[in-house]
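If you read the sequences in order, they're chains A and B.
Residue numbering for the first sequence is 524 to 699, as defined by my numbering.
Residue numbering for the second sequence is 147 to 237, as defined by my numbering.
Just so you know, these hints were derived from the structure itself, not from any lab.
No experiment lies behind these values; they were computed from the predicted model shown.
Yeah, the Cβ is synthetic: ideal placement off N, Cα and C, and Gly gets one too.
You may find that some hints are simply not true.
[Said to hold, decoys possible] Short derived list, chain A residues pointing at chain B, Cβ under 8 Å: (1) Leu562; (2) Gly565; (3) Lys568; (4) Gln571; (5) Tyr575; (6) Pro579; (7) Cys580; (8) Cys612; (9) Ala613; (10) Asn617; (11) Glu618; (12) Pro629; (13) Pro636; (14) Arg637; (15) Leu662.
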Amino acid sequence: MTFTGINEQDVDRAYDALRKDAMDGGYRLNPDAEFVKNLIRGLLKNEQRYAYRACPCRLASGKKEEDLDIVCPCDYRDSDIEEHGACYCALYVNEAIADGTRKVAPVPERRPPRSQRGTMKERAVQTVAVGGGATFGSLPFPVWRCKVCGYLCARDQPPGICPVCKAKKERFERFL
Amino acid sequence: MEHVNGTDKGNVVLYALSTCGWCQKTKELLREMGVAFDYTFVDLLDGKEQDDAMNRVEKFNPAGSFPTLVINNEKAIVGFREQEIREALGQ
Ligand code: SF4
């Protein structure tokens with residue numbers, strides 16, 4: 524797979540950066556380097572056409588607020604690695620697959636279908652609002668949760684970048 | 147829709163994304179098997195065309211995920227399931 528406007532140096536650079544970030548955060552990349560580079564070409568292509576790195580294996584809408592859950596690493600990565608040994612694209616895998624003792628198998632789509640996405644988002648916001656207002660209104664600081672890795676912190680605003688998984692501020696939700 | 151020539155195994159349509167690794171593997175498998183098929187990269191379609199394609203995908207695969215391989219307008223194989231694809235399209 525090659526795309527116009529994406530050069531191989533950028534792919535290699537992104538590959539090295541991704542590998543380092545993965546290792547720092549305790550994640551592993553798929554041991555098939557060529558497969559990973561193909562996904563990176565997809566990520567860079569998406570960054571080029573949508574201005575954010577939407578998941579290469581999912582159809583992005585082109586509207587960032589609708590696609591935040593599938594900006595790589597997506598909100599579903601950790602659950603899929605836990606349950607299936609790999610993220611949906613098989614970019615990130617568990618130890619056994621990284622070490623070659625197990626093989627990647629197809630991962631079913633965890634993201635809700637188009638028709639249910641709106642309602643799901645509204646529900647998530649509501650739950651947080653009720654929990655935050657009714658039960659924990661007297662906390663000295665709000666608690667923020669990183670939707671990518673689950674990291675929690677109590678402060679006025681979520682951090683600019685998640686110290687655990689490097690997700691950006693926009694991926695945090697009010698937890699308490 | 148792009149057409150790939152090969153042995154006629156009925157109406158074989160692959161809905162794929164141009165950026166997706168498993169879609170690519172599925173396409174390569176079909177080529178390697180020498181099956182005649184049509185494919186479309188849904189991410190490269192515009193507005194209404196993309197919407198129509200998504201509606202068709204969701205008819206066979208409610209999750210609306212890729213790759214979705216539709217055989218004879220009745221059966222869908224979702225994801226790169228090599229074994230299943232080989233069985234369905236005989237070899
Ligand atoms: S973590 Fe995996 S499934 Fe999630 S967006 Fe990145 S490549 Fe896609």
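These are the hints, each one checked on the structure:
1. Leu562: holds (5 Å)
2. Gly565: Interface hint status for A/Gly565: holds (3 Å vs cutoff 8 Å).
3. Lys568: holds (5 Å)
4. Gln571: Because about 11 Å separates A/Gln571 from the closest Cβ in chain B, which is outside the 8 Å limit, the hint is violated.
5. Tyr575: Hint on A/Tyr575: violated, closest Cβ of chain B at ~13 Å, above 8 Å.
6. Pro579: holds (4 Å)
7. Cys580: Holds - the Cβ of A/Cys580 comes within 8 Å of chain B, reaching about 4 Å at its closest.
8. Cys612: holds (6 Å)
9. Ala613: Holds, about 7 Å.
10. Asn617: violated (18 Å)
11. Glu618: violated (21 Å)
12. Pro629: holds (4 Å)
13. Pro636: Nearest chain B Cβ about 5 Å off; hint holds.
14. Arg637: holds (6 Å)
15. Leu662: violated (38 Å)
When held up to the earlier numbered hints, the structure conflicts with 4, 5, 10, 11 and 15 and fits the remainder.
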